[in-house]
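A.B. asks: Add chain B to chain A, keeping to what the hints say.
Spelled out from the first residue to the last, the chains are:
Number of protein chains: 2
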Amino acid sequence: MTTNELLDSLRAIVGDAHVLAEGDLAAWEQDWRRRARGKALAVVRPASTEQVAAVVKACAAAGASIVPQGGNTGLVCGSTPDDSGRQVVLSTQRMRAVRAIDPANLTITVEAGCILQSLQEEAEKAGFLFPLSLGSEGSCTIGGNLSTNAGGTQVVRYGNARELCLGLEVVTAEGEIWSGLTGLRKDNTGYDLRDLFVGAEGTLGIITAATMKLYPLPAAQLTAWAAVPSMEQAVELLGLAHRTLGAGLTGFEVMGRFALSLVAKHFPQQRVPFVSAAAEAPDETPWCVLLENSDDESEEHARARFEQLLERAFEAGCVTDAVIAENLAQARQLWHIRESITLAQVEEGLNIKHDISIPVSRIPEFVRKTDALLAEKLPGVRMVDFGHLGDGNLHYNVQAPVDVPAADFLHAHEDEVNTLVYDSVRAFDGSISAEHGVGSLKQHKLPDYKSPVALKLMRAIKGALDPQNRMNPGRVLEV
Amino acid sequence: MTTNELLDSLRAIVGDAHVLAEGDLAAWEQDWRRRARGKALAVVRPASTEQVAAVVKACAAAGASIVPQGGNTGLVCGSTPDDSGRQVVLSTQRMRAVRAIDPANLTITVEAGCILQSLQEEAEKAGFLFPLSLGSEGSCTIGGNLSTNAGGTQVVRYGNARELCLGLEVVTAEGEIWSGLTGLRKDNTGYDLRDLFVGAEGTLGIITAATMKLYPLPAAQLTAWAAVPSMEQAVELLGLAHRTLGAGLTGFEVMGRFALSLVAKHFPQQRVPFVSAAAEAPDETPWCVLLENSDDESEEHARARFEQLLERAFEAGCVTDAVIAENLAQARQLWHIRESITLAQVEEGLNIKHDISIPVSRIPEFVRKTDALLAEKLPGVRMVDFGHLGDGNLHYNVQAPVDVPAADFLHAHEDEVNTLVYDSVRAFDGSISAEHGVGSLKQHKLPDYKSPVALKLMRAIKGALDPQNRMNPGRVLEV
Chain A
1 MTTNELLDSL RAIVGDAHVL AEGDLAAWEQ DWRRRARGKA LAVVRPASTE
51 QVAAVVKACA AAGASIVPQG GNTGLVCGST PDDSGRQVVL STQRMRAVRA
101 IDPANLTITV EAGCILQSLQ EEAEKAGFLF PLSLGSEGSC TIGGNLSTNA
151 GGTQVVRYGN ARELCLGLEV VTAEGEIWSG LTGLRKDNTG YDLRDLFVGA
201 EGTLGIITAA TMKLYPLPAA QLTAWAAVPS MEQAVELLGL AHRTLGAGLT
251 GFEVMGRFAL SLVAKHFPQQ RVPFVSAAAE APDETPWCVL LENSDDESEE
301 HARARFEQLL ERAFEAGCVT DAVIAENLAQ ARQLWHIRES ITLAQVEEGL
351 NIKHDISIPV SRIPEFVRKT DALLAEKLPG VRMVDFGHLG DGNLHYNVQA
401 PVDVPAADFL HAHEDEVNTL VYDSVRAFDG SISAEHGVGS LKQHKLPDYK
451 SPVALKLMRA IKGALDPQNR MNPGRVLEV
Chain B
1 MTTNELLDSL RAIVGDAHVL AEGDLAAWEQ DWRRRARGKA LAVVRPASTE
51 QVAAVVKACA AAGASIVPQG GNTGLVCGST PDDSGRQVVL STQRMRAVRA
101 IDPANLTITV EAGCILQSLQ EEAEKAGFLF PLSLGSEGSC TIGGNLSTNA
151 GGTQVVRYGN ARELCLGLEV VTAEGEIWSG LTGLRKDNTG YDLRDLFVGA
201 EGTLGIITAA TMKLYPLPAA QLTAWAAVPS MEQAVELLGL AHRTLGAGLT
251 GFEVMGRFAL SLVAKHFPQQ RVPFVSAAAE APDETPWCVL LENSDDESEE
301 HARARFEQLL ERAFEAGCVT DAVIAENLAQ ARQLWHIRES ITLAQVEEGL
351 NIKHDISIPV SRIPEFVRKT DALLAEKLPG VRMVDFGHLG DGNLHYNVQA
401 PVDVPAADFL HAHEDEVNTL VYDSVRAFDG SISAEHGVGS LKQHKLPDYK
451 SPVALKLMRA IKGALDPQNR MNPGRVLEV
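Protein sequences appear in the order of chains A and B. When we follow my numbering, the leftmost residue of the first sequence carries the number 1, and every step to the right adds one. When we follow my numbering, the leftmost residue of the second sequence carries the number 1, and every step to the right adds one.
Don't take every hint at face value.
Because identical chains share one entry, a pair is satisfied inside a single copy or across any pair of copies.
Claimed, not checked - Pairs of lysine to aspartate or glutamate residues, derived as EDC-like cross-links and limited to a Cα-Cα distance of at most 16 angstroms, are as follows: (1) K450 to E478; (2) K369 to E232; (3) K456 to E176; (4) K456 to E174; (5) K265 to D102; (6) K450 to E121.
Since the hints were derived computationally from the structure, they do not count as laboratory data.
So that you can see chain A by itself, here it is in the shape it has in the complex:
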């Protein structure tokens, strides 16, 4: 089949208007962080699962591979085409329907292209919480969230995207439709296909719809901000918070002083508790923690529990100062500081980003040792260290020394820094990709940091479900 014959087939399936093969396709061909720019044979926008299946079959017949794409907000170059001009980008952006809400079953069934924020809003309208929450929620899609097993800020209580999913609808590499949209909480009739497609980054099939868990809306959500003297004591505070708040603990973020000083420096209108914009302020608290407490009873009750926790923490010496947000506006301001770290880094100049996880108990030692190693090899580097400590997930980013241009530093040291950090992660039994996935960015790193037996099993599965390697090739695994 020629390229033109394939384009004709695709047009026949989804309509002329939804096969984009000319003009500026940057929105689909370039990743969000502008790390990769590819060239698609076409961007195809099916409107239904049946159309997705027909597109997959047409591509298979033409020997073209498929790159599924949701909101294209991923951070590992997993949803943009390579530069061959031979890959078809299959965008789910027209498949946004909420198919069903089942209040008594606590489930919502949505199509893959549904924007995460829309899903949250639809749930809330029905009186429920959909707890997945992350920075890009205004433009990422639930299909992408599931394909990358997205994490975010409430994992400590509700788990990753995987744990929130009860069922999937998937178009296989053969173009067949697996209708697994069960809303069942228990189903032991064979292998767990759902969790195999979740997190597979589109390399085994295309998620077209999902049934997700809903939770009762909490009666109140309170936010606190605490200064802690060391990472050891941040971990101790986490344990206290688990014991005191139980399932009420829905967020536990740690932020290093330098990361916060960048927010204070570049966004001076934001008032960062306990930290100033000064690059050198050795008397200041080295770490801050943002805690969120969701309460089924009332705001008053939530506040009393928080005060009890902080009292215990002061007594134990693991908190030196703390504020509890007085109202929702203050709580949003505190979260906004946390979320502004990403942009403050951009203002300061590019840095070398990591998305790692370590068993929580070993994080203090990991940070101490890895900081020291980096300081020894690259004197003057500045650590932008923050993340979801409740899940053992750090964004352990390395910023150039103060007088070195960021671009030069990256060019000269990115590989060296990555290797040093990843080797340290491996020594601490951690993961080199906690929540962002592998994509094409880290695919070549997996053989060095993943067990050969695991890789062999993964390759066997890929070979069984996508023997022609047409589903998002070049991502996750080298085949």
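C.D. replies: Then chain B, alone, in the frame of chain A:
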């Protein structure tokens, strides 16, 4: 390799005392419910993961297949050998070690043969809750729990065995060891191998150890027993309980009047609230619900929350009478009634058991329609209906009419009843095995009740990971 050569190899690996090939092997060859009795080539009891791997390699070289076995408490004939005398039973009963407890990471790492109750006790000694709880916990093993993705009584809050597992160690069909014992809560470096082995019933590899989640011990656990006028209102009560208790709701069991009357009849020393032993007592409550509320604060607080819930439920008309246990002894008595249903059925005579799940919202209609169908086809049958309503899981058992001998009824009607119930389950988008698994008992039913696309994907995975079909053949899938 001859049988004797294989036995010699096995003895060289695990020691003479742990290769059992003669004498009475009924404990390993017969399933707990005595539905199947096989004949093993030998029972092999390795003491370490390395020995498991060596046993798998020796069996592969000899062309013998392997039946992994934990506590042999399963209900679907999944862990006993067939009658060929050619299968090796690999028992994990010598692999019981707790390898590590990590309090700050909230994890415990145990070997597959660890008895569930020992795991619960070890966790409690360290100040934590391990929430998996089921009838056979005194003899089942965590390896079996994971291989069958066991459910039990606290799934409504903590999920099935799968949701409690963070990492696995597995011996593959090739006899290689996959060391995936990460205690990480976030790890997006490739396909979810963990969840593929969980629930695979030993057909893809042998789970040898696992890292499981721990939770803070609740400050108090309270139990209540409520009379509800209909299944619709039981579902309404569940919704109220979710909204009022939030994550405090850790148990929600429903029990039909006939099931409870059997307990009252056969165990008269147990006082069943709101139900008598009389076979006909039309004025009595048709359904009772057992609720458990786990509280992070105090017993007083738990009681206040429960009272608030029951007040709302009385107002809404979904509860007509209720008791809250005054103390732990009373709570245990209430749970004991629930757990005695199984034995009361045995006293009444064998019945036809089901382990089904249906979306919670559709359970009332399912029960009404299926009850009516059964009554029409088999006048006089008595429904022993009870289960974990919080998870949509019913043990929907069919007892012979009062004047028909149970064995005759089973012999004449078991297939007919299964087909009727399973067809109805399918019509309501349910599962024919909610928490017990497939084993060899339901393996031949899957093609009728599982989507062909799902079965094709499952077969492809089985073929990729165990191409010689040596791992627990005849279970889950016909290959």
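A.B. asks: For every hint, state whether the structure bears it out.
C.D. replies: Now for the hints, and whether the structure bears them out:
Within a single copy, K450 and E478 get their C-alpha atoms as close as 13 angstroms, which meets the 16 angstroms cut-off; across copies the closest is 33 angstroms, which misses it. Proximity of K369 and E232 under a CA criterion of 16 angstroms is satisfied intra-copy only: 13 angstroms inside one chain copy versus 59 angstroms between copies. For the homomeric pair K456 and E176, the shortest alpha-carbon distance between copies (10 angstroms) is at most 16 angstroms, but the shortest distance inside one copy (26 angstroms) is not. When the C-alpha separation of K456 and E174 is checked against a cutoff of 16 angstroms, the pair qualifies only between copies, where the shortest distance is 11 angstroms, while the shortest distance within a copy is 23 angstroms.
Taking the shortest Cα distances, K265 and D102 never come within 16 angstroms of each other, neither inside one copy (47 angstroms) nor across copies (39 angstroms). Taking identical chains as interchangeable, the C-alpha atoms of K450 and E121 are never at most 16 angstroms apart, the minima being 38 angstroms within one chain and 34 angstroms between chains.
In this structure, the earlier hints numbered 5, 6 are contradicted, and the remaining ones agree with it.
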